[in-house]
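Asks: Take a look at the letters that make up each chain.
Number of protein chains: 2
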Amino acid sequence: MTKKNKKISAAILVIGNEILSGRTVDKNISFLASWLNNNLGIKVSEVRIVPDVESRIVKNVLSLSKNNNYVLTTGGIGPTHDDITSKSISKAFKKKYTYHKEAYAILKNYYGNKNFNDPRKKMAKMPSGSKLIYNPSSAAPGFMIKNVICLPGVPSILKSMINNLKKYLAPGLITHSSTISVETVESNIAKGLEEVQKKHKSFVDIGSYPFFRLGKIGVSIVIRSSNKIRLQSCHKSIIKILKRKKIKIFKGA
Amino acid sequence: MTKKNKKISAAILVIGNEILSGRTVDKNISFLASWLNNNLGIKVSEVRIVPDVESRIVKNVLSLSKNNNYVLTTGGIGPTHDDITSKSISKAFKKKYTYHKEAYAILKNYYGNKNFNDPRKKMAKMPSGSKLIYNPSSAAPGFMIKNVICLPGVPSILKSMINNLKKYLAPGLITHSSTISVETVESNIAKGLEEVQKKHKSFVDIGSYPFFRLGKIGVSIVIRSSNKIRLQSCHKSIIKILKRKKIKIFKGA
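Sequence order for the protein chains is A and B. Residue 57 in my numbering sits at position 57 of the first sequence; the count goes up by one each step and never skips. Residue 14 in my numbering sits at position 14 of the second sequence; the count goes up by one each step and never skips.
It is possible that part of the hints are untrue.
It does not matter which identical chain is used: a pair holds within one copy or between any two.
In silico DSBU-like cross-links for lysine-lysine, where the CA-CA straight-line distance does not exceed 30 Å [said to hold, decoys possible]:
no., residue 1, residue 2
1, K87, K199
2, K191, K108
3, K125, K216
4, K108, K125
5, K59, K27
6, K96, K167
7, K131, K167
8, K27, K159
9, K66, K94
Treat the hints as calculated values from the structure; they're not laboratory data.
Start from the sequences, fold in the hints, and give me the full structure.
Replies: Put into structure tokens, the structure is as follows:
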């Protein structure tokens, strides 16, 4: 990290017909977004979900790669015919789609000579020049080419690989957050929040999220900032407004 | 529906910093995708998640609106300062951002004259010429302008409104699906599936999704097609391969 206020952004590209059909509920977006945010200060600027169609993957990878420090893709690096992420990204970056020597050796060792069939070999094919992201659960590695990182779609496998990815990512400024949950409706506090937001301009980001829980209606006010002093001052201003309006604050929320 | 083989596509645009930060796990994408698919034969072609930033909403709405029959947005139509969907979409389509008479009357009636404050009034503001999508749970309506449909972000409220949206959507060809769950790993069936996929070309879409369940490793093979005969023939071909390879098929899967 060279500058104290370095902003690092990432985009997530989810590749898979099963997510677009609604059959599978994505579990990777919120995990990756939280992990990037909380551990590395990398802010997710955009997420896209696209089908298993080469032209769509190519187009989206190129555009997201251009506009972000990193792109993380999930899905499509397995052994079956609908796994076309590696090939599509090779095409996007005009790289040869070829066996990665180390990945080939890892998989050959994992499956044993006898069981190392063509579909399994396919998982060692990736854009030429890729760096590997080791997979401690099912061997088949992910990879990084340019600023694009390709991870599997199965959430448990993806999670097991995440620490092996850390070394490739330059950290940014961590965003801190503070949450105040109150027993009220949004429109009761909207004006106050808007005033506080205006006062703190772009240094602080105040979000307001209604919820229904245990028969009670409430709002979670989430304050986010990379500046702890701003965050605290903003938090205090909001508490002052809530007290003035006699709005009940949920304890331990 | 004028043509039997009419293909209708929709994009989903999720608007909200809370999803991009990982704080909130989206629950609307899979619900909307399934509902559109199963009830109306509308295929979701793409999903994007963007922050509460006007320029980003404008840009993405315009591009998705151009490339799809429908765009469904979620989030950002509430009373607080970070709810900027209606204003942004007015801007995108160069429409006046103004009170919708009927929406104003609905909200005024719901809250009563005394409690109808400015933040609540804001929920009646939308692009001029919008059609309303009634909200049976919390009154504030969604709206449709051109081919863009704006829904709230709170999943329970969104779900309660979905039937009021149906009349605005032209149905497409329903996609049928059939699932075969087997006790094996993907690489054992990859070759067979690829052959069947090639045989049925673009008429059928075969997906392969590994899972770990109750200590067992398995794969769900999902076949999707708008043509029931193709679907059945494809299903039979796959069963034949599985039997030949002596792969166990999970019952009732």
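Asks: Enumerate the violated hints, using their earlier numbering and listing them in ascending order.
Replies: none
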